[in-house]
Every structure is written in structure tokens, then in C-alpha cells.
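A.B. asks: In order, the protein sequences belong to chains A and B.
Sequential numbering of the first sequence, starting at 1, is according to our numbering.
Sequential numbering of the second sequence, starting at 1, is according to our numbering.
Keep in mind the hints are simulated off the structure, nothing from the lab.
Backbone N, C-alpha and C fix where the C-beta goes; we use that ideal spot for every residue, glycine too.
Careful: at least some of the hints might be erroneous.
[As the list claims (entries may be wrong)] Facing chain B, from chain A, some residues (calculated, C-beta under 8 Å):
1) G33
2) T36
3) M46
4) F116
5) R187
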Amino acid sequence: MSPSNDEDAALPLTSADDVRARFDEHDYLADQGLSTSVFLALRLGMPLLLEGEPGVGKTAAARVLASCLGVPLVRLQCYEGLSAAEALYEWNYQRQLLAIRLAESHGERLTEADLFSEEYLIERPVLRCVRYDGPNPPLLLVDEIDRADDAFEALLLEVLGEGSVTVPEIGTFTAVHPPIVVLTSNRSRDLHDALRRRCLYHWLEYPEPERVCAILRRTVPAANEDLISSAAQFVGRVRALEVDKPPGMAEAINWVAALSALGATELMRETVVATLGAVVKTVDDRETVLAGLDAVLHDSAS
Amino acid sequence: MTVPAEYLTLLRGVDRAALAAAFGDRLRRAGGSVPTTAMADLCEALGVLPPARVDDLYWSMRVTLVRRQPDLEIFDRVFATAFLGPEQGIDLHARRHGVPGPEPAPLPPGPLASVPGGRRRPDEAAESGLPWNTLPRTTAEQETPDDTMLLPELLPSALSGHAETSFDEFDDEQLAALGRWLERATPRWPVRKSRRVRAGRRGERIALRQSIAASRRTGWEPLLDLRRQRRVESPRSLTLVTDVSASMQSYSAAYLHLMRAFA
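Looking at chain B on its own, in the form it has when it is part of the complex (with noise of 0.2 Å):
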């Protein structure tokens, strides 16, 4: 007896439209351009040509999604982690919140990540797993004349590397990571408190002259409604003042940041 086609195909019982959606809303964030069509193209061709196999879900869904030969590699990788690799994990908390994996922006593995100290084979970096959450693999059988202590080598972040950098080297993206950054740190600049005085729900005093106002509608009866008051923090006082002449080009820019972040 031979199974019918329609048993065969590797989507039986999927809601085609959530697939497409999901997936190209995948493709989307990874950075390639999908338009809403294209989603409704993939779920008209899901359904016209059932697949039987992952290869043939994967080139419909290239097909249809994707329309620009740079995206391919993109689409590549989205595929490969949604469909090929173990990425969702059949625990809940995986599937509730994703592994904490390349998604947003994969940063390429190796050169930049803090290695522990410890005695280390060469190949040891790419079996030991997650470094910060497992014990640094030591071995003391292997004693071959080769093999050297090696110190812990603490690498430095992302932006802390930007400090050696001049701002004048500094590219588009680096300067506007620099205003954001900039930017999250003003709301921790100091705030020192005034004499003037402000209704408030946490003000340590009772401010009188409303509590009193408020008493009218009780009779003048105070207690039932008191009114605080607080002091007034204002931010610290700043006066920037920035050379942009054209000896101080290759600072202006970094510098210009810092006074909008100021603003």
C-alpha cells in the first residue's frame, strides 16, 4: 500500500500563515528585507508544493522570500538556525525566551572572548563550552615540554576599546554609539537640592499652606488630608564651552555629541 502525497509532507497540520509570518518577522530582524507579500507568496507555494523534506521547504521558502542575492546569506543563516540546528531547545524556558544565541547581532567567536586561566591545549577553546558558566577544563597528566601556564587574559569590551582609539579615527557607527552612550549616562549626573520647596507624594514635610488649602473641604479638618512637601533637585550647573575651529576638527564631532547629550 502506498501512503498517499499528502501524508508525506514534512508541514502536516502547521498553520502555514504563522510559519511564514514568524519566519520572515526572523528574517527581519537578522536584517533582511522581507515585504508582506512575500509571506503571502510562501504561504500560497507552501500549499501548492507541500515539502517533503527540509530541502524543499528551504528553497520555497527562498524562493519566494527572498528577492536580493546579498540577502541569501542572511536567509541562509535564519534557516539554518530555525530549521537545521538545536537552537530551540524543547525545555520551556528556552522556547518562552529563545536561547541567548547569535540572533541580534552574531559577533564572531574566538579572538574577542575573555579565555580563562589555567593550563590549556591549543584545540581546548573550542570543546570547553561556555566559559562563564562552566569551570575551566585543567588537566595535569599531559606534561609535554610545549605546554605553557598560561595567565589569565582578560580582553577588553567592545566599547572600552574605543578609549585608546583618537576620536578623529573614529567612524559613523563607533561616533554614534558614542552619543548613545553619552546620552545613557546624563541621567546620572549629580543633582544637588535647592531651597525652594514642592508638592510632593514622598516629600519628607508637611507642607502647610496646601494641607490647609485642601482642610476646606473637610471643615477645615487637616488631619484627614496632609500634603507633603519636598525640596527641588536641580541638576548641577554646567557651562560647556567647545573649540570647533578647524584645529580641533577631529574633535568637534565627539565633542558635539557630548553637548547634545548635555541639552
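In isolation and in its complexed conformation, chain A is listed as follows (with noise of 0.2 Å):
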């Protein structure tokens, strides 16, 4: 959890073009299609689904607006087997049984009611969210969901809807402020139509060169312009061959940052080859990128 000190920021958004304007003064060139669905979503109060490729910015794109909001990001990171006692809730089962032990020793009676009570709940990042009793609510990222198994969809779905989470021993909680949620996937598995029914959905497409390069521009300023734009083109490039694991957004900032650390100017064949690691990350896709560099290298140059 990682709250913002940006005070001046914490007004609301009030169109999709105000929300890029705010997008882009935090750094975050985000086009129309993102821009109309962060806005719907926070007027319709509806969780928004981002999909797309890895590296594309989704995870970015919701750090950006909780800045944006001036509001605290809770983040959920999604990995197999996720369930509920770390996404919604526990119980501290050592203060129950210590209770009881003291219960014990003093002599008392203790009913279940007293051993299931608020006292003895963890709050997990879920639950957090919904109990939080600020002016502005929380943003929920419940990022890469499709690493999570299906029933933990499931467990999801009474929060995106009703943005309440059901303790079976108290009772409802109920956010007063229902938070807000942005929800990423990289598509590695298709997700349920019930969760997909909740939540507004945007795929994010791999921005083309130009918009990569305005991007670059922003992101490492060190970089010169003749620099920028041939390593857009080449990551491009290495887009379009046969690799496993096409480079996204993130890898393209990673290179130039890379090569302008290492003081290029232009794109050398020594220079690409020996930072190739921040563009491709398995030792096929390195291979294949070796075999076509001369092409590509040459397309990027012209």
C-alpha cells in the first residue's frame, strides 16, 4: 500500500479528456480508448478490466490514476492458488486460541460468538478496501488476475458488484465508499463471463512507433531523438518476427535506457547485441532476433 502525497492531485476527473491531461502530467501518455474507459468507470462506478499484452502499461495505468485521485493504491498481485484467507480475510486462529487459554485460566465461558468477532479478523487487501473509512476511496488493483484460479473469480465477484465482502460468522461488510477497481489480465486464460459482465473492459493495444516514441521521449529524456526513433522501429521489428515473448512497452523504456546509459547515440550492432537481454528475455527469442539483426537493423536505420 503505497499512499499519495500528492495533494494538489486529489480532485475529481470530470471528462476523458481531462482524465489524459492528468494521465499525461504524471507521465502517462494514455489514448482515447483508455482515457473514455477510466472515465466511464469511475463515473458508472463500475471496475474496469484492463487486457492486453504484457508490457503494455496496465499496471501503470492504474498506479497513474490512483496518483491521478490523490488516493491510496491497495495492490492485489494474482498468483495460482490466491484465495481467500490473502485476498479477503482471516482469522488470527493464535489470539482464538490464546483467548481461549485465558478464558481458561480465569474461568470463564467463551461462546463461538466471542471467538468469531472484528477483534480476531486480518484484514487482507480486499477487505481492507471495503472497510476503509477515508473521504476518497481506496484503488483496488487485482492485478494479472488470470494467474488466479477460476474459484477465486468467483470469490471476487460480490466485491465488484456489490462492493461488499461477506464474513460468514459477522455478517456484511459494506464499503460506504465502494472502492475503486481496476482489474489486469494478460490473457494467459479466458476469464468467466460473470466477472467480464461486472466490469467495463478495455484491450489495450501495443502503441504504434510513433506514440512509442512519444512515449520514450517522456520516459528517458537522456536519450537523443535519432536514438529514440530507430529503437522504436527496431522493437517494432523484433514485434513482427516469431518470438515467444514479443517485447512490450516496458521492455522498449528498459533498452534505450540501456543504451543511452551506455552513451549510444545510434543504433550499432555491438551496442544492440550486447543489451539485446533488455529486449528479449528467453534464449530462443535472443537466437532468432541474432539471425534476422542485419534486416531488421537495416529496416530500423532506414
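Two chains, two separate frames, one set of hints: put the complex together.
C.D. replies: So, in C-alpha cells, the structure goes:
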């Protein structure tokens, strides 16, 4: 959880263009689709599902949105086997045992209701967002939901639909101000319709080369113009090759940062080979790119 | 003087619910999955963010109606035909019946269309319009050596193309199409007249027994209510014997469809 200190930015977003301008202030160049979907999600009070290839800026969009709104970001990273105990809430088993022991030693009788009270409840990210009592609801980022199991999606339905969490022993906690929810998915598996139905959906495309240049200019100010434009072309060409993990925006940024740290001002074969690890992340892909390197370099230079 | 924002909208005076329902329905018919709640979301979105341009409308619709990436292609196509293309003409006939367009199942244009004969430039197919109601354009002035005469090239329809394919190469969809075709063809099976007769309004002979029985109501006056009878027609009997053993495996699916159609 990383509360933002940006107090000036805590203004509501008034239109899709406003979203775009405010994202721009935070160095995120949003296109019309993303700004429309973010604005509608906020105004309609619906969760936003962002899908796209890895590295197109889904998580970054959520992070920027939180800082634009000046609200805390609560991030829930999904993984296989993620369960209610880690995401929603858990009972503090040790404290319950201790309470039983203490009661026994004092000769008191404990009922079940005493043991399953809010006192013994450990809040996990989702419940924490629902019970948040500040003026501005936090932003709950459910990252890479496709990596969690089907069962976990079902657990999220209540909070996505009604903004509430039900603890069977206590009752239902309903958020006073429902949290802003952003879900991201790499589409490694298909999400259930029930989950999709409750969300607004936006598919993020890999940006076109001109946009990549604009983003690189913003994020790596040290790099010169030639390097940025040929690197953007190069990454675009690598994406077109038959690679397992096509490089995303994040890879492009890292690569240009690496090239400019090495003092490169244009793409030279030696420098590219030395820094290729920033663009392609598997041995097979590296071989594929090296095999077609001359053609790709030639095209990028022209 | 600046124009107030509400006057800049694209959909001033449009029933948002009707628009959302109609477009959602089009999307469904084109094969996209659109939950009803999505249409409600669209209504709300159009209220919150009144579109000033077609772009704005596109994004509001796409964000609310499309829920999965494969549907995006269908959405783009339907949106383009509905809002960008000249699909709905101004003439009333086209509005009422729609233009015979690509909506139900757009076929890939080009290679399967029959090509009219005559002299033809290579790029003429694209500009010659509808081949079935405009005469093929013939041009005589261009006498270049590589300008060849084309004979009418009649290409088979999708169904007759199957005649050349052997049954074991049929995929599930083609088999289902064959089954449907057989079902439609069965009512045309010839019938034979039997010696039995049955009462019927359009029979050619007078049914004596029924007429007499009916005349009881009129004091045995039969002329007021003559009944007619007709010969019973029964379909010609047919016995199908099908070999579905392993050696005939490739044919068995098609044969079973045939038997199902006659059952």
C-alpha cells in the first residue's frame, strides 16, 4: 500500500479529456480508448478490466490513476493458489487459541460468537478496501487476475458487483464509498463471463511507433531523438518476428535507458547485441533476433 | 458566444435506450456476446459522456458493450456498417428491408463470385458494380496484345462444391449442412394414391356416408351440407439398408443423416 502524497491532484476527473490531460501530467500518455474507459469506470462506479499483451502499461495505468486521484493504491498480485485467506480476510487463529487459554485460566466461558468477532479478523487487501473509512475510496488493483484460479474469480464477484464482502460468522461489510477497482489480465486464460459482465472492458493495444517515440521521449529524457526513433522501429520489427515473448513498452523503455546509459547515440550492431537482454527475454528469442538482426537493423536505420 | 456543451453532442434527441438495444442486438446477430447489463451500461455511459464525435461514440460503445478481445473484430465491423458506412440508405425500401449486405454471414468477396464474360481489364472486377443487375462492361478501344478474351466462368455454389468432396473429408459443419439439406429435401418425396379415402374439404368426390350423417340435423335434407372425400396419399415406401461397419466408416455419418431425414 503506497499512499500518495500528491494532495494537489486530489480533484475529481471531469471528462475523458481531463483524464488524458491528468495522465499526461503524470507522464502516462493515454489514448482516447483508455481515457474513456477510465472516466466511465469512475463515473459509473464500475470495475475496469484492462487486458493486453504483457508490457503495454496496464499496471502503470492503474498506478497513475491512483496518483491522479490522490488515493491510496492497494495492490493485490494474483498467483496460482491465491485464496480468500490471502485476498479477503483471515481469522487470527493464534489469538483465538490464546483467548481460549486465557478464558480457561480465568474460569470464564467463551462462546463461539466471542471468538469469531471483528477483534480476531485479519483484514486482507480486499476487505481493507471495503472497510476503508477515509473520504476518498482507495484504488484496488487486482493485478494479473488470469494467473489466479477460477475459484478466486468467484470470490471477487461480490466485491466487484456490490462493493461488499460477506464474512459468514459476522455478516456483510458494505463499503460506504465503494473502492475503485482495476483488474488487469494478460489473457493467459479466458476469464469467466460472470466476472467480465460486472466490469467495463478495455483492450490495450501495443502503441504504434510514433506513440512509442513520444512515450520514450517522456520516460528516457537522456536519450537523443535518433536513438529513440530507431529503437522504436527496432522494437516494432522485433515484435513482428516469430518470438515467444514479444517485447512490450516496458522492455522498450528499459532498452533505451540501457542504450543511453552506455552513451549510444544510434543503433550499432555491437551495442544492440550487448543490450539485447533488455528486449528479448528467452534464449530462443535471442537466437531468432540475432539471426534476423542485420535485416532488422537495416530497416530501423532506414 | 460559446455553444453550450449539450448542443455539441452527436445524439441530441436520440432515445439512448433504443440505440443501445438496437446496436446490442446487431452485435448479437453478428455473433458477439452482449449481456443485457452491458446495454444498460451503455445507456448510462451515453448520459455521462455525451459523444461529440463518432470517435467518442465508438469508445463509449466499445468499452461498455465488448467484454472480450475476440469480439472486438465483430464490434468494429458492426460499428463501421452502422455508423461509418452508407449501409442505411435514405430510400424507404432500404430502410425497411435493409440493404442485401454482408450482415448475416459475409462471404469473402472475389474468388467465388461468378465472373461475367466479355473483354475484361484485370482491375475491372472491383469497379463493375453488381454483376447480376448491370450489364458486363465491354470496352473495345483498348487493343493491347495481352488483352485476352474471357469466357464466362461459372463457378459452383457452395453446396454443389460439396458434390465433388468425398464424405470422409466433410467436417462437422459441412455434415450438419448436409443433414439440413436432406431434411429440406424429404418433403419432396413422391407420394402414391391408395385405395382408401378420407373426408376432406377439398376432395373431388362426395362423401356419401358423412353427408347422410350430417343431414340428420337438417331433417334428412342432404343438399345443405355436402361432405367431400379424397383419396389418401401416402409416401412411397422406402427401405433403407445401411452398412455402418468399420469398412464403410467414412460414409456412415452421411448415411445416418440420410436415414434421420427419412425417419
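A.B. asks: Does each hint fit the structure? Answer for all of them.
C.D. replies: Hints, verified against the model:
no.: 1; hint: G33; result: holds, 5 Å
no.: 2; hint: T36; result: holds, 4 Å
no.: 3; hint: M46; result: holds, 7 Å
no.: 4; hint: F116; result: violated, 35 Å
no.: 5; hint: R187; result: holds, 7 Å
Against the hints set out earlier in the document, a violation occurs for number 4 only.
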